[in-house]
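> Heads up: the sequence lines are chains A and B, in that order. Residue numbers are given in full-length UniProt numbering: position 198 of the first sequence equals residue 198, and the series is strictly consecutive. Residue numbers are given in full-length UniProt numbering: position 76 of the second sequence equals residue 76, and the series is strictly consecutive.
By construction, these hints were calculated from the structure, which means they are not laboratory data. Treat the numbers as computed from the prediction; the structure is a model and nothing was measured. Don't be surprised by glycine CBs; every beta carbon is placed ideally from N, CA and C. Hints are supplied without guarantee of correctness; some may be wrong.
[Stated by the list, open to error] One side of the interface only, derived from the structure: several residues of chain B facing chain A at Cβ under 8 Å:
hint: 1; residue: G23
hint: 2; residue: P74
hint: 3; residue: A100
[Unchecked claim] Only some residues are given here: those of chain A computed to face chain B with a beta carbon under 10 Å:
hint: 4; residue: N26
hint: 5; residue: L71
hint: 6; residue: V73
hint: 7; residue: P74
hint: 8; residue: V90
hint: 9; residue: P102
2 protein chains.
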Amino acid sequence: MIVTLTPNPAVDVTYRIGTHLPGDTNRVLEVQRRPGGKGVNVTRVLAALEVPARAVLPLGGDAGRWLGGALDVPFDAVPISGENRTTVTVTGDGHPTVYAEPGPELSEAEWAAFARRLAEGLAGAKLLVVSGSLPRGAAPDLVADWVRIAHHAGVRTLVDASGPALLAAARAGAVVKPNHAELLAATSAADETSGVATLLRLGAQLVVVSRGADGIAAYTPCGVLTVPAVPGVHGNPTGAGDAATAGLAAALATGRPLLEALRTAAALGAAAVLRPVAGEVDIPAYQRFLNGATA
Amino acid sequence: MIVTLTPNPAVDVTYRIGTHLPGDTNRVLEVQRRPGGKGVNVTRVLAALEVPARAVLPLGGDAGRWLGGALDVPFDAVPISGENRTTVTVTGDGHPTVYAEPGPELSEAEWAAFARRLAEGLAGAKLLVVSGSLPRGAAPDLVADWVRIAHHAGVRTLVDASGPALLAAARAGAVVKPNHAELLAATSAADETSGVATLLRLGAQLVVVSRGADGIAAYTPCGVLTVPAVPGVHGNPTGAGDAATAGLAAALATGRPLLEALRTAAALGAAAVLRPVAGEVDIPAYQRFLNGATA
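Isolated chain A, as found in the complex (with noise of 0.2 Å):
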């Protein structure tokens, strides 16, 4: 079992217009609405790979009681007085336009709920996933906060998350997975061997660097693994990231080789490209990808 966390879910609304006109009425030719947020998509993917996973995260407001009644995951809610995020993505003529809302900001009493109802749902879990953004307000230490809870009862732990919530993770002995641009932004690194340098100093137990068409790297104290992208994936690379950590979750809880684990996120990442909405993975593509094959 695998346990993902997402400190800031939102609802996902998706317009389709045609030519975007800004400062003028749009009409609205499509609406997609489904729960977003980082750790709701890797748990997605993990359920589409038939690993038992199950989502812990906050709902409140309406915007919650729609995730609650929406979400096609198993999960624990924690109830917060405050109203999840919606985030919009306007698809027309040229590059998305995404307006994303603040969300709500949680009270100590509310996170403290947040650490009781986690180390429950811990019991007899492989893996902690934390991934995507905290909300306003909330102190980058609670990532390591969750992480010790999670080392406390003997579940490793995997962190997708930047900025000082990246070093925080590091600092608690995580395995983290920052992408090129959020390794080099968190660490005010020049390049990415020595951002990952001062992830392992603080602490990190394993730095996972996604590269984008640059593939995969796997930092350990004692060397680097890499796994090439698989060549001539074009489509949507939203979600990509999180079917990567998906990949690197299912291998890592089940104690698979490392380099096997970066097989498997470079091929998820792959088929995560192939399918329009973030999520979602062609899993018939990610089996061939996995035996080699280019798309």
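Following the hints, complete the assembly by docking chain B onto the known chain A.
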């Protein structure tokens, strides 16, 4: 008692952002959610005037549940299986950008239930106000049906609609209140006089044309009455038309003279411009304007 009918109510969401970045991610600084739709706004202004009013509207889905909880005026909801629309307005450094969802399609059975509920709600009413667009797939003649139901119950009607629905309302003998542009568009007329002549010929009891800064005119088969706009009023014109409709409705429902009705409409329209939100009016300013003051 005035009954208002909102065929296509909306959740009006306003996002305040900084610089608008189309094709990029925009952090939302502030979120406001309000029940919307022209009939809802009219009801809200009537409530501010302490005129007894009740809204009739179709509600469905999560958006409908939210609307039912958030509406601050008396209402009769007709349950529908579809989901009410949401309208997102983005206010940043330029003109507001609006994304308008299409809204639900109602079945014939749902429209029949709607008509029955309307007929019940009209008992003892002085006036029916039909205001705003029809949902997708709704026949414009529905507006004529609602007007006939009201006339059958001895209740006068005021319709603020556009396009074929405006023509249908005129045919059914309603008082119609297009703005200048809607009048020309619906009647394919070159000028106001010939557009109004078309509506009167179709059967409209009275045609009231709102002209923004050029005031408001009422055309009867016997002639025209005009009142100027309140001079020097600057602010948010959204909702000024709905406030003017409410003023007209309040005066017509109590049988006051047409000139007084127009003056009330003009003063309320101006008092709405002073408020940032559709459906709100500055009541002290309204009373000053009614007594001849300028802004």
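> Work down the list of hints and note, for each, if the structure agrees.
Quick rundown of the hints versus the structure:
1. G23: With Cβ-Cβ at 4 Å, under 8 Å, it holds.
2. P74: With a closest approach of 22 Å, the P74 (chain B) hint is violated.
3. A100: It holds, given that the least Cβ distance between A100 (chain B) and chain A is near 6 Å, below 8 Å.
4. N26: Holds, about 5 Å.
5. L71: violated, 14 Å
6. V73: violated, 20 Å
7. P74: Since the shortest Cβ distance to chain B is 22 Å, the answer is violated.
8. V90: holds, 6 Å
9. P102: holds, 6 Å
The structure is inconsistent with the numbered hints 2, 5, 6 and 7, although it conforms to all the rest.
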